[in-house]
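*Asks:* Listed below are the residues making up each chain.
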Amino acid sequence: MSLTVSRQPTGAISRRRALLIPSENFVAGALVVLLSAFLLISIALPLYALLSKSFLNRQGEFVGLENYAAYFANPILVDSLFNSLFIAALSTAIVIPLAFTYAYALTRTCMPAKPLFYALALLPLFAPSLMSALSLVYIFGNQGFLRGLLFGNTIYGPIGITIAQVTYTFPHAVLILVTALGLSDGRLYEVANALGTPKTRIFRTVTLPGAQYGLISASFVVFTLVITDFGIPKVIGGQYNVLATDVYRAVVGQQNFERGAVVGMILLVPAVLAFAVDRLVNRRQVALLSARAVPYQPAPNTARDMGFVAYCLVVAFLVAAALGVAVWASFITYWPWNLSFTTANYNFPRFEPAGWNPYFTSVKMAALASIIGTVVIFTGAYVIEKTKAFPMARGFAHFLAMLPVAVPGLVLGLGYVFFFNAPWNPLNIFYATLTILVVNTITHFFTVSHITALTALKQIDREFESVSASLKVPFWNTFRRVTVPICLPAILDIAVYLFINAMTTVSAVIFLYGAHTKLASISIVHMDEAGFIAAAAAMATLIVATSIGVKALHIVLDRYVLARFQFWRRK
Amino acid sequence: MTADKTTPPSDQAYLRIEDLTKRFGQFTALDRISLDINQGEFVCFLGPSGCGKTTLLRAIAGLDIQDEGRISMDGRDVSFSPPAARDFGIVFQSYALFPNLTVADNVSYGLVNQRWSRQNIRDRVAELLELVGLPEQGDKYPVQLSGGQQQRVALARALATSPGLLLLDEPLSALDARVRLRLREQIRELQRRLGVTTVMVTHDQEEALTMADRIVVMNHGVIEQVGTPADVYANPATAFVADFVGTMSFFEGKLAAPGQLTLAGINLACADDRGLTPGSRVTVGLRPEEVRVRNLDPDQPNTMQVRVDDLEYLGAFCRARLVTETGGAVILADFSANLMRDMAVSLNQTLTVSLPPESLHVFATPIEDLASEEAA
Ligand SMILES: Nc1ncnc2c1ncn2[C@@H]1O[C@H](COP(=O)(O)OP(=O)(O)O)[C@@H](O)[C@H]1O
Ligand SMILES: [Mg+2]
Numbered sequence: 001m002s003l004t005v006s007r008q009p010t011g012a013i014s015r016r017r018a019l020l021i022p023s024e025n026f027v028a029g030a031l032v033v034l035l036s037a038f039l040l041i042s043i044a045l046p047l048y049a050l051l052s053k054s055f056l057n058r059q060g061e062f063v064g065l066e067n068y069a070a071y072f073a074n075p076i077l078v079d080s081l082f083n084s085l086f087i088a089a090l091s092t093a094i095v096i097p098l099a100f101t102y103a104y105a106l107t108r109t110c111m112p113a114k115p116l117f118y119a120l121a122l123l124p125l126f127a128p129s130l131m132s133a134l135s136l137v138y139i140f141g142n143q144g145f146l147r148g149l150l151f152g153n154t155i156y157g158p159i160g161i162t163i164a165q166v167t168y169t170f171p172h173a174v175l176i177l178v179t180a181l182g183l184s185d186g187r188l189y190e191v192a193n194a195l196g197t198p199k200t201r202i203f204r205t206v207t208l209p210g211a212q213y214g215l216i217s218a219s220f221v222v223f224t225l226v227i228t229d230f231g232i233p234k235v236i237g238g239q240y241n242v243l244a245t246d247v248y249r250a251v252v253g254q255q256n257f258e259r260g261a262v263v264g265m266i267l268l269v270p271a272v273l274a275f276a277v278d279r280l281v282n283r284r285q286v287a288l289l290s291a292r293a294v295p296y297q298p299a300p301n302t303a304r305d306m307g308f309v310a311y312c313l314v315v316a317f318l319v320a321a322a323l324g325v326a327v328w329a330s331f332i333t334y335w336p337w338n339l340s341f342t343t344a345n346y347n348f349p350r351f352e353p354a355g356w357n358p359y360f361t362s363v364k365m366a367a368l369a370s371i372i373g374t375v376v377i378f379t380g381a382y383v384i385e386k387t388k389a390f391p392m393a394r395g396f397a398h399f400l401a402m403l404p405v406a407v408p409g410l411v412l413g414l415g416y417v418f419f420f421n422a423p424w425n426p427l428n429i430f431y432a433t434l435t436i437l438v439v440n441t442i443t444h445f446f447t448v449s450h451i452t453a454l455t456a457l458k459q460i461d462r463e464f465e466s467v468s469a470s471l472k473v474p475f476w477n478t479f480r481r482v483t484v485p486i487c488l489p490a491i492l493d494i495a496v497y498l499f500i501n502a503m504t505t506v507s508a509v510i511f512l513y514g515a516h517t518k519l520a521s522i523s524i525v526h527m528d529e530a531g532f533i534a535a536a537a538a539m540a541t542l543i544v545a546t547s548i549g550v551k552a553l554h555i556v557l558d559r560y561v562l563a564r565f566q567f568w569r570r571k
Numbered sequence: 001m002t003a004d005k006t007t008p009p010s011d012q013a014y015l016r017i018e019d020l021t022k023r024f025g026q027f028t029a030l031d032r033i034s035l036d037i038n039q040g041e042f043v044c045f046l047g048p049s050g051c052g053k054t055t056l057l058r059a060i061a062g063l064d065i066q067d068e069g070r071i072s073m074d075g076r077d078v079s080f081s082p083p084a085a086r087d088f089g090i091v092f093q094s095y096a097l098f099p100n101l102t103v104a105d106n107v108s109y110g111l112v113n114q115r116w117s118r119q120n121i122r123d124r125v126a127e128l129l130e131l132v133g134l135p136e137q138g139d140k141y142p143v144q145l146s147g148g149q150q151q152r153v154a155l156a157r158a159l160a161t162s163p164g165l166l167l168l169d170e171p172l173s174a175l176d177a178r179v180r181l182r183l184r185e186q187i188r189e190l191q192r193r194l195g196v197t198t199v200m201v202t203h204d205q206e207e208a209l210t211m212a213d214r215i216v217v218m219n220h221g222v223i224e225q226v227g228t229p230a231d232v233y234a235n236p237a238t239a240f241v242a243d244f245v246g247t248m249s250f251f252e253g254k255l256a257a258p259g260q261l262t263l264a265g266i267n268l269a270c271a272d273d274r275g276l277t278p279g280s281r282v283t284v285g286l287r288p289e290e291v292r293v294r295n296l297d298p299d300q301p302n303t304m305q306v307r308v309d310d311l312e313y314l315g316a317f318c319r320a321r322l323v324t325e326t327g328g329a330v331i332l333a334d335f336s337a338n339l340m341r342d343m344a345v346s347l348n349q350t351l352t353v354s355l356p357p358e359s360l361h362v363f364a365t366p367i368e369d370l371a372s373e374e375a376a
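If you read the sequences in order, they're chains A and B. Take 1 as the starting number for the first sequence in the UniProt record's numbering and just add one per residue. Take 1 as the starting number for the second sequence in the UniProt record's numbering and just add one per residue.
Bound conformation, chain B alone (with noise of 0.2 Å):
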């Protein structure tokens, strides 16, 4: 085993991404993007469909080379070396298994070409077809396995030359919701165990949150930010990435004085206003899950009268639709089912809830811009 779980990542980073640049045409798909991972690291490239994280990843696989920018690998300048030059393996969207070729000849399609012997390639092949968990299925040919069966053949055929580094561009997206699940699992359990620096491509926030050590998350073309799935979820950097992973509410306001929000004409402390200018408009974004109810403290900080509006059913939890008393302003809250037995929560009821200041991120974009950008 090159690594396990309790080997720190190295300094020194695997793979390094200065200043990339991609265009076709006119467009730009990747706007300088400086980025270093990790040896074992498992990172992913999060974000909305076109936002250029397929093209990122043919850019490190030298599928697609960049205008500009340098990629390293290992300390090695590959910027335009070609695949064949790279040391990765590659797992698609659509697996893209060779459909008239056996599940074993598809895992050795690799080595064959590398020359190994003939009876090092099955024992390799049967190695890794257990390591996926598809021991006896090498007869077989694609066809006539499930979609995640296949997900896992691609993923042999891809770790079968031992490759330093694993891409993976949205090897879940094609499967059913509870096949994916199962293997979000196997798939980091097995990354664990090789310890082959991975990334992978996702949409998906809860896939992201669940997996990576490190999250990229990408809009346009730039990095929004880089940081573990906690970091990105507790401190999102931009309104965006605040939108994007989980969910939020957020209000026009106004820094009115250092700490202190003004919003909808209530004066609220936040804990965090990134240090900008007294007097700026801001927006101010809230989690549902953040809004509290219960065992408030007379004293407790940003405190107010609020009424329900609207409950939206969701199983475990509800969705509440709150309207503070005075301004008017719209809060989504999620009230677990034990809060809405215990309180009796019913419509057009009238709460007292608080906002804890650390629950208000502030971020200098206007609303009005984050509302077209949403349309967009």
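Here chain A stands alone, though its shape is the one from the complex (with noise of 0.2 Å):
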């Protein structure tokens, strides 16, 4: 055996080699100072502008609380703030046991075709939030087919805005209900079993214990989701008026810049309430699980499965009736005296000056901020996970990644609009550009996209790092040849959250958009409030089938295309 080969003379690499060593550690800690300086300007700059602008005058003096205490001391805005309340607290309680049953269905039931209904469980997702409000109004309103349902009230109100709220924030509930229903362990339900406990006992001591962070953690999210939200009380709200639109109305009405300031602020403390119980929870919930637990594998039970199915076909039918009707009036002539076949809804130019180009606008919008977004969100979250420079400055980029979270749309936007538009900073040649448009909306669904990318990292052995080093391989080349090939899933789902959000998302992105910027989800808007309804629900189906387009193509991406490249994982 002999090993002569083995040594090249390597002289002259490792004098390169020598050159290189420093520039390793130099690019992760630029990346790490990229990142931070990104994140300092699209979130902690802006919530900054806020919260200052909250204290100071029109003049731009500081006062104090008094723009606090002019705010209380207005009836009707303090009002709002009860509606406000009143809306998020109702619309919980609602949603709340709907998607309970609903998740306890899917995941503890042997009830047929479970996949079709998450899936239908789902679809507002797809959907901006007002495409249901949207529906309500061609069921129940002036012109409704049921309005006789509701005994002589009108839609236009608390009734309209709770019921389009059950049907937003539904999947959200879901989603998490299912994740916390899903992990439970078998065998606590073995033993309940053995010992001859009754099923209601069961459910009381075990199911609904295992499930209760998954609970606190749903409710505070739906009720962040309806406080904050814009587009369902701007359409549907009638005379009732609640945080989101006074915000919009102090801003883009009143130009009381001082006034929204305060209620972005009021608005920011559920949310960041929401934020710090989910934290909690979330550690709870993962202590809870043994690494021992079995999962619960349900057995079949004819009369319970079927009641599930009559209750989820129940509930889907309703969740796809409220974006459904929307889709169907937008092709009908002339609700509801000419029901019969049209496009012309969809010509846009005829409704809204801007035309088709919103939605093209929004599509272009979506696509930069799913490109770019996923080359950050991925790229950072590399750096603060996978690199050992610069820890301190690691650790607060992490931070500002982790912040977007708390901060709902409305509040991010304001805090853009006091920030960018400012005449002494230098960036506001910015507003209203697509630039501002496409860094909001990456700003605003960072963590979620940063928390996907960590999870795929910290799966990834965390020595590669370390053997590319002693190989004196540099840390972007095993990031190209093999983290990214691995996380090649993750970085997808990334791309295409990112890609729907931003197609959806109305109420950030209402305060920044230019003349020649104007998103689908705003056009939906204006038409709305010029009174082209039908046009208003044709664009907010193109959106919906852009939206399940992007999320297919995903599917059919992932499913058959990622897998050949994925012939590895396979034994």
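No wet-lab data here; the hints were simulated from the structure. None of these values were measured; they are calculated from a predicted model. Careful, some of the hints might be misleading.
What the hints assert, rightly or not - FRET-style restraints, in silico, Cβ to Cβ:
hint : chain 1 : residue 1 : chain 2 : residue 2 : range
1    : A       : ALA393    : B       : ARG23     : 18 to 24 Å
2    : B       : PHE24     : A       : PRO423    : 45 to 51 Å
3    : B       : GLY315    : A       : GLN566    : 43 to 49 Å
4    : A       : ALA393    : B       : GLY315    : 55 to 61 Å
5    : A       : GLN566    : B       : ARG319    : 50 to 56 Å
6    : B       : PHE24     : A       : SER52     : 38 to 44 Å
7    : A       : ALA320    : B       : PHE24     : 51 to 57 Å
8    : B       : VAL222    : A       : LEU40     : 40 to 46 Å
9    : B       : GLY164    : A       : TRP476    : 23 to 29 Å
Ideal placement from N, C-alpha and C gives every residue a C-beta, glycine not left out.
Can you join these two chains into the complex? Each is in its own frame, and there are hints to help.
*Replies:* Structural data, given as structure tokens:
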């Protein structure tokens, strides 16, 4: 055995390597600094601008709590606060039991067609929140075919807002509760059954406690989504004022930025609370499930399973109807008198000066946010998780990356107005451009994507970077050759998540668009305001179709194309 | 070949570690470690889990830089050099094979970067796979290999660039007992053949005893003893080493006079009292296999009457729990199957045993401290 070939003359190479050595740390450090700078500008400073604005008067002088005092002295505005709290509490109280039962059916029964039911429950995720409000207008509005069911009450107000919010938040609650109920220990049920425990008692002593953290977390998430949602009350709120519409009116209508800042700060409270609770609960939830736990396997029970099928059919039908009616109505000539098919409502230039442009702008914005966002977020998560340079800076970047989830879109949008529109800020050249919409959207949905990336990265062997270092291969080579290929499924998830949210979001961007950068979701608001409800429904239909199309493409890509490149996972 | 087994290690230390300290917050993981490792040597870091073995290995690799102290390799100070500026290959417990690359691509991972020609790389990969006993497996993916095969691929990858130092962190602990035994031999054989200076971390004393040229026994971030396997086994420097390497029963005793012990009211002679002051309290250790029963001369020192209190059958031998007639001290003794048959040892039987003076290990640590150490 000879190993003489092993040593090549490496003098020149090692000298080149010597030049490379500091640059590896330098590159990692530079990336951390870039990421931190991005997050500083895109989340921290706008938030700070909002915070400080709420303590300044119109002339920019510090006035302490004066703006807050003025707010609470105005009975109409305080009414909005109570209205918002009422609607949020009511919607939460309705949606949580609904979603829990649905999630229970998906996880704890042998009901047929579970994937289909799951998909149906998630449908509203692909639409702007206000789409269900548009459907409600058709169903229960002044010309609605079921308005008799309201017994003379109007759909424009708390009733309409609540029903639409329930539809909009339902998938969010189902997602959380399916996860919570899925994380159960089958052994506990075996023991309880072996002891002859009655079913109701098992439910009370095993199932509910196991899911309690999921229930808490879902409640807070739903409450926050409702209280900060802008699209639904805008479309169907009528004379009923809530915080979100107050902000819009104060800032866009009255140019009263101080009041807008105060309401923004108030909206931040439930969101920050929800974030804190979620963090706390998450930690407990994981601790609840020991490594030895065996997943619960439901046993078939025809009566129970059929009961749940019936329940899920009804709920899924209602959810589908809440979107479907708007789709249907978008193809109808003149509701409710002429129900013949038409595509006239898609002739947008008739209803809105920008015509079809908002749709194309939206697709372009979503594609850019998706591509740039995925690169920034995944690379950022990699640098935070896998490199060693600047531990303090990496910790700081991670902290900033976790912030956006606690900031409602409306509040983030306000922060952007105050920060990027400030005359002193050289970055104000970006105001109302596509750039700011893309940056805002990436930031708005940063945290969830960041966590997805971190989770995928944490599953990779911690020593890959160490091995590369020992083989004198710089980390970016390993990133390209190993990390990215392994994480491709997660990377696609992030890209699709960003795309769909960029298509459907209204709240943050409503303050930021310009004449040439109006988005489809904003165009819906405008057409609805102008009374062109059918055209608004048509635009909403386009958004849903695009989102679902992208999701379908994702599934196909994931199943059939990616699978080909993942042969190394197979034994 | 750079060295073969007849070449004695040179005097000049290949790897020199001086006063190395590493802290994690308040916790001191390594406390002023100093160690020299010679060219071509196979050294094992042995110690219980959490004693700092991996931390020391990673400091040597430059993966986690120490807080204080120096490291030099081949005469070059590398104390603060990044890993890429040091000359080593490393194998982790998890193997850390890149799952999306073929075996050949894994092995050549470091070569590609050094701009070897394609043909050279192919030859080198074939040579290395041959070396670790996996010829013709280059096109497979890691997931298609068994644990032992993956381990050998990791070894080939670490050796590909012909590093001066090979670092192995518990390379065998994730494998089945049988595979582990075979790989022990293979790794050792390979190391001898290549003559590459090797440091292996393990918590398995048997692994260290069978593989190492020298063992570094560690505990709580300090080195307790450095020596050849025979040395560490036969002359444990501390009670911790005695306890950790092999089995030992411990007694509370007193040094009555130089070379004279009293324990449980029995007077015993010992060969080495470590020069402790007579009268001091000591802990006395005895390995079970040192207890003599057969062919005892009448004037044999340290003989006594014991009762067989318990017998534990362990296959090739029996571990007996003996209780001394005087004092009631408990002694563990290993009796071979042969002896059990010849002497018809049975429960509650009374035996005469002898504890040879050179088998009594005297330690200054009081026995209570030893017990609390174990509980911790
Ligand atoms: N990154 C770290 N942060 C904090 N403590 C650590 C870290 N790495 C190791 N330790 C601690 O240092 C001690 C030694 O760890 P290690 O060297 O991994 O032990 P082992 O001998 O089992 O390889 C352990 O108590 C461990 O908890
Ligand atoms: Mg270790």
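*Asks:* Against each hint, give a clear statement of whether it holds in the structure.
*Replies:* Checked hints:
{"no.": "1", "hint": "A:ALA393 to B:ARG23: 18 to 24 Å", "result": "holds (21 Å)"}
{"no.": "2", "hint": "B:PHE24 to A:PRO423: 45 to 51 Å", "result": "holds (50 Å)"}
{"no.": "3", "hint": "B:GLY315 to A:GLN566: 43 to 49 Å", "result": "holds (47 Å)"}
{"no.": "4", "hint": "A:ALA393 to B:GLY315: 55 to 61 Å", "result": "holds (58 Å)"}
{"no.": "5", "hint": "A:GLN566 to B:ARG319: 50 to 56 Å", "result": "holds (52 Å)"}
{"no.": "6", "hint": "B:PHE24 to A:SER52: 38 to 44 Å", "result": "holds (40 Å)"}
{"no.": "7", "hint": "A:ALA320 to B:PHE24: 51 to 57 Å", "result": "holds (55 Å)"}
{"no.": "8", "hint": "B:VAL222 to A:LEU40: 40 to 46 Å", "result": "holds (45 Å)"}
{"no.": "9", "hint": "B:GLY164 to A:TRP476: 23 to 29 Å", "result": "holds (26 Å)"}
Violated hints are absent here; each numbered hint is respected by the structure.
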